[in-house]
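S.K.: Two chains, two frames, a set of hints: combine them into the complex.
The listed protein sequences correspond, in order, to chains A and B.
FYI, in this note's numbering the residues of the first sequence are 1 to 632.
FYI, in this note's numbering the residues of the second sequence are 1001 to 1141.
Calculated from the structure, these hints are not laboratory results.
A virtual CB, placed ideally from N, CA and C, is assigned to each residue, including glycine.
A couple of the hints might just be wrong.
[Unchecked claim] Over 12 Å on every C-beta distance to chain A, these chain B residues come out as not near it, computed from the model:
no., residue
1, Ile1004
2, Asn1045
3, Ser1050
4, Glu1111
5, Gly1113
[Stated by the list, open to error] Cut-off 25 Å, straight-line C-alpha distance, at most; resulting in silico cross-link-like pairs (SDA-like, lysine to any residue):
no., chain 1, residue 1, chain 2, residue 2
6, A, Lys34, A, Phe107
7, A, Lys523, B, Lys1135
8, B, Lys1135, A, Thr137
[Stated by the list, open to error] Computed footprint of chain A on chain B, listed as stretches where at least three residues anywhere in the stretch have a Cβ under 8 Å from a Cβ of chain A:
no., region
9, 1016-1024
10, 1029-1040
11, 1086-1098
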Amino acid sequence: MIPEVGHILLITSLVLSLFGGLGPFILKKELPTKKIALVMFLLVLGAFIALIYSFLIDDFSVAYVAQNSNINLPTYYKFAATWGAHEGSLLLWILSMNIWLVGFIIFDKNKNKYFSDIVFGVSSLVIFSFLLFTIFTSNPFDRILPITPLNGADLNPSLQDIAFTVHPPFLYFGYSGLLLPFAISISAMLSGQSNQEWASSSRPWTLMACSFLTVGIGLGSWWAYYELGWGGWWFWDPVENAAFVPWLLSVALIHSLLVTEKRNLFINWSLLLSIFAFAASLLGTFLVRSGILTSVHAFALDPERGLFLLGIFSFFVLGGLGVYAFKNTIKSQNSFYSLNSKEFGVLLNNVLLVILAASILFGTIYPLIYEAYTNGKQISVGAPYFEFIIFPFAILLGLVQGVALYLSWGTTKSFNFITKLTLESFSVFFLTLLLLFILFENLIATSFFIIFIFSWLIAGSILVNLRFNSLSTYVEFINRRIGVLLSHLGVAILVLGVGVVSSYSYERELILGPGEGIKFQEKEVELLGISNSMGSNYISKKANIRVSTNKGGFDLISEKRTYIPSGQVTTEAGIEAGIFRDFYVSIGDNLEGDSWSFKLQTKAFIRWIWLGALLITLGSFISSIKLLRKQA
Amino acid sequence: MNPIRKQRIYALVAIVVASIVAIYLVISALSKNLNLFYSPTELVNSELSSETLIRAGGMVREGSIKRSKNSLNVEFIVTDFNSDLIINYSGILPDLFTENAGVVVQGYLIEDGTFKAIEVLAKHDENYMPPEVAKLMEKAE
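Chain B on its own, in the form it takes in the complex (with noise of 0.2 Å):
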């Protein structure tokens, strides 16, 4: 075989064989670690699973903020003003968490119809509205 043809087969073999191993990384990580995005509607009366983690978010309802005095619990309630979710998370909020703000959640959803939240995802512009939460907001209106 001539040297030429025998180097592109090098470099092609180092192609397929790098695509191959990429393409089943990304399909075997895309398959772990999607998270769908709910509605506290989609999630009334879902038989979502409580393993499956999820993200869901919408408005923080005014006057819905618990926290504990004792704990890093807190509990508190987003609409998509169709419906109502009651989150529960243990932890330290992000700074731009407040009511009436958009706020995007991930967690489980828990048999007794609540969420328990691992993460409270923060923007850092107040003004700034997750597009899931502003596409909600949308549908609202």
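If we strip away everything but chain A, and leave its shape as in the complex, we get (with noise of 0.2 Å):
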């Protein structure tokens, strides 16, 4: 019974999102948009808790629940298996994307009703469209009948996880917030805003969007350094560059709609990054869903969701790019500024930024163009293409971001920062050799170049302040700009993780018995024994290591585990976290008896990786709702 009022509660907000997509443009009248978005929301709510329940209450007649749930499952995964696999990711996205619209017609202080109606009118086609997509061709309310199964086929062993059950909503959440800035920039060029008007509404929800895509992306690193077990934190996976790709246009899109919104400029470029930052976001499910990439992150391959989805794709960019070119009411205007200005800076950030995301979607899709122009030859472009890649473009960015908080609009009057930025970069500089000095006892020059960038950052972040002479004012300004200031603060921090792990890290392959002990890393590792476990829907060898040093010690347990009913295998790494430094040990084959290989791996300020995203996520989190706050 309940599936069936699931899959009834989507199809009436179906009926509705077409209802509410097409009639502020065919009926030319105010709508009363706050009741229908209400009403399309709780109708997807309602349908995302009809799937919930079954779940719960482990239907198996519904065969999305078959395929990735089962009776042994521990509660809670059965509750987030939800969103476990493609049917019900979908949904909880569509809940997203009625969440913001929701959001931004009851915060939204807009004076002008008919642009209201048309940010309305855009997202509910939108919405209308995966609700289509959903109910056609991924419905999570199908039915097995009559042959039941008596239990379900399980939830993938990798992602039952806590880290895992957050990572999707987080990232969804983000990808469908760029929903908004797209409808905004439609809505602007039909109905003539002024620019000042339609970037002020534009920023919190791009802001936001970007708070929560990062901390998505932030959340699924971290999981995948733990539970993929290998310690990376980063693949270059076609997936993680589907989200990657839209958070550096969204983060493009912050700064120069703040351009447009102050300055009068950048108006059609942000018009359109609107669109391509949408555009991105609907290419990574389209790249994702559709299985024609090789990828870590398996939906199933179907071709026609691939098909349906591309149809989506085209309909909304062509749709969103005939409207720049035809019914585009927006003036542009000019004003003035020179080569030392922040708008200058904001051009070099958005150049810089949008050339990255172009070159690595270019280098995630070229397995695709060379497919087909070779007649079927297949590639894969390894992480080297796009780390030899990233490098240069980081580094650029990184200059421009130092400098950037100190430029004035129009024309920078005085450069005598400069000295100080300098002075001050590389007193940070000296000390972070110091500490890592100090911490490792050795100093890897390949990893200066991006300390001084994180130095240069620091500086330029926020010892922006030693320019004023008084505490209060600069307490005062932190007040301010704190949101700026953690966003930009937390990239610094983002980059020295970066850099300090990929030259501070060591690993080694080894096979130990138990009993046995080597040296690695200054540190007496022992395995102490291999014991048998169980958990509610597992069985796993647990590996107690020791881990010994002159100032004391700590152990640390790596597990196998073997789930049933699948049989899948994963591996539970040990993690000895620390600010400084992660020691990171997992466990690999069994080779004789209880000997198994082992790998082991010190992990140097990984930590400040995630520790950056964190600061970005709540730095442009603040900005946006303070922006909210300012409007209303």
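M.R.: Printed below as a string of structure tokens:
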């Protein structure tokens, strides 16, 4: 019964979203958008709850539940399994879009009703197309009748993890948040708003979407680090790129919208970038869910879904560009800025971010292009490609960001800050090197460059205040710009984490039997023993490992789990986390008796990567909230 | 020159320079980091140099996995049901590596016709088949 209710709720919201989507364009009169948006949201929420309910009561007559759950799955994971695969995650995505829309209608204070009606209309059309896609190709409520399985196949064991359960909701929320800047851009062009007005409508939502994207990507990276078992934090997998490209574009958009609002500049650019950012998020969905790229994120292969998504993508992107080309009522204006202005800084930021995003996207889809042009020859583009590309761009972006907060609008009168900035950067640089030397007793030259960029960013983001003469003006300054400072500081911390972890990490694979030990990175590592244990839906072999140094020690457990009923094996790493260094051990294969292979790793400063991401998240979240409150 | 035009020229120069740099980077990175995929059949009597990093894949043949008892060396056979390819690898294998499952390896073809893998690629879903291998299986059927 309940699954049918869910299905009917979805169909009702489909009809309603079509009405809401066409209404503003056809009826040409004011619509009760707030009510419609709320009802749409409640309908989808109801459907989502119906799906959760089906999971919780183990209703294996629902195909999606049967494929992704199991009687023995712990209750919490039954709940989280709701978005564990394609159909349910799509529903979550639609729910997120509805939440954004409701948020926009409640909080946006733009006076022009026509403007907000069109935003509502465009958003509803997008929601409509996703509902259509869900109901016709990926219905989570499909039943297996009349022969209902007694038990389900189980949730993919790698996904039975706390971080995983929160990673997708944040990520989807971020992804789908790019809907609003898109809808606002279209509506601005159609309703002929002043730039100041539409850009100020768009900024808080773009910041908020970016904030959620950042935390979603960060959680994914953290999860991959400990759950996939091998200590990497970024793999340049197509699916990671599919989230990274929209992230880069949303960051670019945040900056260009600022210039559009404050200075009446980069107008066409901001309009187009809003379309591109949303396009990137749709394209990401398509790449991930059509299964055309080799990826660790395995959604089932289904060409029909791929085609449908490609259709949605083309419709909205071409539609958006069409509006831009033919129906754009926004007047382009010019105000002057010079090479040493904040405007030019943002221009460089945007050029670099967008070209970087394009290069990453190109590398991601190049295997498809190659295959098409060589008659089915298959290739892969490896991580070195992406690392090679991102390095110079990151350096340039860092150099620009370091000075950006010192620059003024229009033209910067005095460049006295350069001396101070350089002085501060070098102080931070040498202090950091000193810290690294104390911690690790060696200095690795290849990391100097990135550490300098970190120092330059630190100087440019928090030490920026040293030009203030009193503490109270300093506090006032920090207070006023807390969001900006936090997110820029986050970039600095992230850069340091990436730089240090890539040069100060060590790994070794070896074989250990019970009682055997080895010296690794000044530490004595000993395998105390292997024990058997049982979880609620798996059996496991636990390796107890003692790590001792002359200053003390700690014990770690790394597990090899075999999940019932799928028989799938996963590795749980044993990690001693530290601000400056993680000690990481993972159990490999069983060789003979109780001898196992192990991988030992030390990862310096890896936590800083996620700390940086967290600061960016917080900073953009705070900025967004402040803007929304200012509007109110 | 009027300031607006000057401004446009700045923007244009920035875009053009950055694009040229990017295109240069993309082309040189692609020329070094493309790994072609080969099936075991394609690698029989192949003239490939043992210095070219390539990918190969297929199904892991049942009963072909031979582990060394005191080192991390492992040997196994990958097949596309026409030809077999012997793979040598030293290291820990991914959790999802099992007999009769699809696998993609990255490494070098050695002169004696065996394959020296430097990486065995794991997917985090047992039902998942790498697209390259899936296509091979389609051909074989």
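S.K.: What hint numbers does the structure not satisfy?
M.R.: Result: hints 1, 7 break, sorted rising.
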